Amino acid sequence: MIPVEFDYKKAISVEEALEALSSGDSKLLAGGYSLIPAMKLRLNQPSMLIDIGGIASLKGIEEEDGQIIIKAGTTHNDILNNDLIKTHLPFFHEAASMIGDVQVRNRGTIGGSLAHADPAADWPALVLVAEATIDVVGTGGKRNIKAADFFTGLFTTALAENEIITAIRIPIPANGSRMVYLKFENPASRFAVVGCAVLRSSDKKTTIAFTGVADYAFRDTAAEQVVSGKILDTNTIADAMNAAVYGVNVLSDNFASEDYRRHLAKVYLKRALQAIA
Amino acid sequence: MQIRVKVNGVDYTHDVEPRLLLVHYLRDVLRLTGTHIGCDTSICGACTVQVDGNATKSCTLFAVQADGCEITTVEGLSTNGELHALQEGFKEMHGLQCGFCTPGILMTMDEYLKINPNPTEEEIRHGLKGHLCRCTGYQNIVKSVQYAANKLKKEEVPV
Ligand SMILES: Cc1cc2nc3c(=O)[nH]c(=O)nc-3n(C[C@H](O)[C@H](O)[C@H](O)COP(=O)(O)OP(=O)(O)OC[C@H]3O[C@@H](n4cnc5c(N)ncnc54)[C@H](O)[C@@H]3O)c2cc1C
Ligand code: FES
Ligand code: FES
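So the sequence lines, in the order shown, correspond to chains E and A.
When you line the first sequence up against UniProt numbering, it's residues 1 to 277, in that order.
When you line the second sequence up against UniProt numbering, it's residues 1 to 159, in that order.
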C-alpha cells in the first residue's frame with residue numbers, strides 16, 4: 001500500500017513548522033503511527049508532510065509550579081520510563097505501558113495521539129480526569145485549551161487547521177490522591193474497547209472518564225456525582241455503575257456491540273473504583 | 001530527496017521519493033530482504049527493524065524520516081558469521097516454523113533484552129505484543145527468548 005505523492009519537509013523549530021503549515025494542504029507528521037497507516041489506505045492525502053519528529057523543544061517532561069509538563073513530541077515510551085511520571089502520575093505510567101506494543105510506544109507521541117483523537121485512544125481519558133490543559137500555538141499566537149473542551153467529535157478536536165500542540169500541562173494530584181486506568185483492549189491492535197480512568201483526592205473529590213465507549217472520550221459527570229464525597233462501599237459503587245454512561249451514544253462495531261460495550265464500561269468503572277477504594 | 005543512512009554499519013546515500021516506505025527502501029533498494037512485509041497495516045511486526053536502537057515497524061515509517069539514522073536489520077544481527085544469542089535460541093528451541101515472523105521478533109527482542117536482561121515469561125509475552133506468528137503458538141518463541149537471555153547473562157559473567 002503506497003500513499004499518494006507528497007512533498008516532505010523536516011522542521012527544525014516550531015516556528016518553521018508553523019510557517020510551512022500555513023501553505024496549502026499540509027499536515028504535521030510526528031510519530032506517524034496514526035497518520036501513515038491512514039495515508040497508506042489513502043484515507044488521508046496531504047500534499048505536504050511537515051515532520052516535527054526532530055524538534056528538540058517538543059520533547060521532554062518537566063515539573064513546574066505544581067504541574068507536570070509533557071511536551072507534545074514525547075513518545076509513549078519516554079512517558080513510560082520517566083521518573084516524574086512514576087512518582088506523580090502513576091496512572092499515566094500504567095496507561096503508557098498498555099499502549100499498542102513496543103514499536104508503537106517507541107515512535108508514537110502524546111501530542112499526535114491527542115490531535116488524532118481516535119475514539120479508542122488511551123491518553124484522552126487520562127488528560128480528562130487529570131484536568132490537564134493543552135498548550136497550542138498557531139499563526140495567531142498561543143492559547144491553552146482545557147482538556148474538557150478539547151475533544152469535540154470522532155477524530156475531531158478544538159485545534160484549528162494551522163495549530164500545533166506544544167505541551168500538555170497536568171496539575172500534580174494532591175498528596176493522598178488515588179488514581180487508576182483500566183482498559184479492556186482489542187486483542188489485535190491493543191486499542192481500548194473500553195478504557196476507564198479515575199482520579200480521587202483524599203477529600204473524595206472524584207473525576208471519571210471513559211474512552212473507547214463513544215465517538216470521543218468524555219467525563220462521566222453523573223457517575224462522578226454519585227461517588228464524590230462518599231465512601232466507596234459496595235452500594236455506592238453499584239449506584240455509580242447504574243448512573244454511568246447515561247444518555248451516551250455508545251459505539252458498536254464487529255468487536256463489541258453497543259450493549260456489550262455499555263456493560264463493559266460499567267464493569268470497568270466498578271473495577272476501577274474497587275481498585276482505589 | 002536525498003537521504004543518508006547507516007544500515008548494518010554501512011553508509012548509504014540515495015535519492016528517494018518522500019512516499020517510499022523504509023521497508024521498501026531496505027528490500028527493493030538495498031536488497032536486504034530479511035525484513036518481511038506481513039500485513040502492511042502496522043499490526044503484525046514482521047517488518048520490524050531498529051532505528052537508532054529502537055524497534056520500529058518499517059512499514060510505518062518513510063525512508064526520509066530515517067535520514068541521518070542508524071538502522072539495524074536482521075542481516076546485521078550476527079557478528080563475523082557467528083549467530084546472535086537470539087538466533088541461536090530460535091534454532092535450538094525451535095522458535096520458528098515458516099520463519100516469516102522471525103526477523104521482526106529478533107529485532108524487537110534484541111532491544112528488549114538490553115532493557116530487561118532478566119525477563120519473566122509474562123514479561124517476554126508482553127514484549128512480544130507487537131508480533132503475530134501464524135505457526136508456532138508462541139510457546140517456543142518464549143523458550144527461545146529465555147534461552148537467549150540465559151546465554152547473554154553467562155557471556156556477561158567475568159572469567
Ligand atoms: C498497531 C497500533 C496499535 C496502537 N495501539 C494504540 C493503543 O493501544 N492506544 C492508543 O492510545 N494508541 C494506539 N495506537 C496509536 C498510536 O499511539 C499513535 O502513535 C498515536 O495515536 C499518534 O501519535 P503519532 O505521534 O504517531 O502521530 P502521527 O501519526 O504523526 O499524527 C497523527 C495526527 O496528529 C497530528 N499531529 C501530530 N502531532 C501534532 C502536534 N504536536 N500538534 C498538532 N497536531 C499534531 C498529525 O498531523 C496527524 O493528523 C496504535 C497504533 C498502531 C499502529
Ligand atoms: S508489515 Fe509492518 S507491521 Fe505488518
Ligand atoms: S513461524 Fe511462521 S509466522 Fe511465525
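Worth flagging that the hints you see were computed from the coordinates, not collected in a lab.
Please read these numbers as outputs of a predicted model, since none were measured by experiment.
Careful: at least some of the hints might be erroneous.
Here are the in silico distance ranges between beta carbons for each label pair [what the hints assert, rightly or not]: (1) 263(E) - 9(A): 52 to 58 Å; (2) 188(E) - 122(A): 17 to 23 Å; (3) 1(E) - 78(A): 30 to 36 Å; (4) 86(E) - 83(A): 43 to 49 Å; (5) 233(E) - 83(A): 23 to 29 Å; (6) 122(A) - 143(E): 40 to 46 Å; (7) 143(E) - 41(A): 44 to 50 Å; (8) 9(A) - 155(E): 27 to 33 Å; (9) 263(E) - 135(A): 32 to 38 Å; (10) 263(E) - 137(A): 40 to 46 Å; (11) 221(E) - 135(A): 46 to 52 Å; (12) 137(A) - 59(E): 36 to 42 Å; (13) 189(E) - 150(A): 29 to 35 Å; (14) 277(E) - 122(A): 56 to 62 Å.
A virtual CB, placed ideally from N, CA and C, is assigned to each residue, including glycine.
Hint by hint, here is what the structure shows:
no.	hint	in the structure
1	263(E) - 9(A): 52 to 58 Å	holds, 54 Å
2	188(E) - 122(A): 17 to 23 Å	holds, 20 Å
3	1(E) - 78(A): 30 to 36 Å	holds, 31 Å
4	86(E) - 83(A): 43 to 49 Å	violated, 37 Å
5	233(E) - 83(A): 23 to 29 Å	violated, 59 Å
6	122(A) - 143(E): 40 to 46 Å	holds, 44 Å
7	143(E) - 41(A): 44 to 50 Å	violated, 36 Å
8	9(A) - 155(E): 27 to 33 Å	violated, 42 Å
9	263(E) - 135(A): 32 to 38 Å	holds, 35 Å
10	263(E) - 137(A): 40 to 46 Å	violated, 31 Å
11	221(E) - 135(A): 46 to 52 Å	holds, 49 Å
12	137(A) - 59(E): 36 to 42 Å	holds, 40 Å
13	189(E) - 150(A): 29 to 35 Å	holds, 32 Å
14	277(E) - 122(A): 56 to 62 Å	violated, 26 Å
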